[in-house]
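Chains A and B, in that order, are what the protein sequence lines are. Under this note's numbering, think of the first position of the first sequence as 1, with each following residue one higher. Under this note's numbering, think of the first position of the second sequence as 115, with each following residue one higher.
Keep in mind that the hints were calculated from the coordinates and are not lab data. Be aware that a few hints might be false.
Heads up, simulated EDC-like pairs for lysine to aspartate or glutamate below, C-alpha to C-alpha not over 20 Å straight-line [to be verified]:
#1 B/Lys-123 / A/Glu-44
#2 B/Lys-187 / B/Glu-168
#3 A/Lys-24 / A/Glu-102
#4 B/Lys-171 / A/Glu-102
#5 B/Lys-171 / B/Glu-134
#6 A/Lys-78 / A/Glu-62
What you are looking at is a predicted structure, and each value in this text was computed from that prediction instead of being measured.
Residue strings, one per chain:
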Amino acid sequence: DAGVIQSPRHEVTEMGQEVTLRCKPISGHNSLFWYRQTMMRGLELLIYFNNNVPIDDSGMPEDRFSAKMPNASFSTLKIQPSEPRDSAVYFCASSDYRAYNEQFFGPGTRLTVL
Amino acid sequence: AQRVTQPEKLLSVFKGAPVELKCNYSYSGSPELFWYVQYSRQRLQLLLRHISRESIKGFTADLNKGETSFHLKKPFAQEEDSAMYYCALTGNAGNMLTFGGGTRLMVKP
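With the hints as extra help, turn the sequences into a complete structure.
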């Protein structure tokens, strides 16, 4: 297995544009997590899904952020419209309750909003 | 509410010196604690979990419920240990992890 896959790896966009980040979890994992990492705030959980259903989205900063998981092998995190303060590294992680819930992280997407 | 605190943002030691990365938590129930590590240009990965009581790459961590701490220790630091270390906790909120702010460990030659 290639592990958790994220795309794109880097994204540079202008303020006001829509940004879509993509994640493919490890096959068979039943939970998926989106995190944001910044120097100031460290690693923050934005939202997580169990069996494709959003369980806790209290970490989503604003209505500009939305996440979907249409099936067990794909999730998106969308920012519309984007702002410079959204610049960060966004990580996706997945886990399997049968494996003590160890979370496996993707390589991250480095987002820069100009 | 559950919270994880890593008081040191940066810890710098010389090769061969002992290392202790501090982690304190607040949680009303019985937590499960983890240490994750992120080496330069690599993805975040699990280093160890308290329930396994294992030593990974020479690192150990003991859960102290009295002091609500889960400090990460290694008797002799190596240059390849230089990385970002995150302490994390999961409790009754299913499999959701709460991360500390992270500590950057720099091991100098």
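For the pair we were handed, B/Lys-171 and B/Glu-134, check the Cα-Cα distance against 20 Å. It holds: about 14 Å lies between the C-alpha atoms, which stays within 20 Å.
Hint check: A/Lys-78 vs A/Glu-62, CA-CA at most 20 Å. Holds or violated? With a Cα-Cα distance of about 11 Å, the restraint between A/Lys-78 and A/Glu-62 holds, given a limit of 20 Å.
20 Å limit on alpha-carbon distance, applied to hinted pair A/Lys-24 and A/Glu-102: Between A/Lys-24 and A/Glu-102 the Cα gap is close to 17 Å, so the pair holds against 20 Å.
Straight-line alpha-carbon gap B/Lys-123 to A/Glu-44, limit 20 Å: Holds, at about 16 Å.
Are the Cα atoms of B/Lys-171 and A/Glu-102 separated by 20 Å or less? The given pair, whose Cα atoms are some 18 Å apart, holds under the 20 Å limit.
Is the hinted pair B/Lys-187 and B/Glu-168 satisfied, with a Cα-Cα distance of at most 20 Å? holds, 12 Å
Checked against the numbered hints above, the structure violates none of them.
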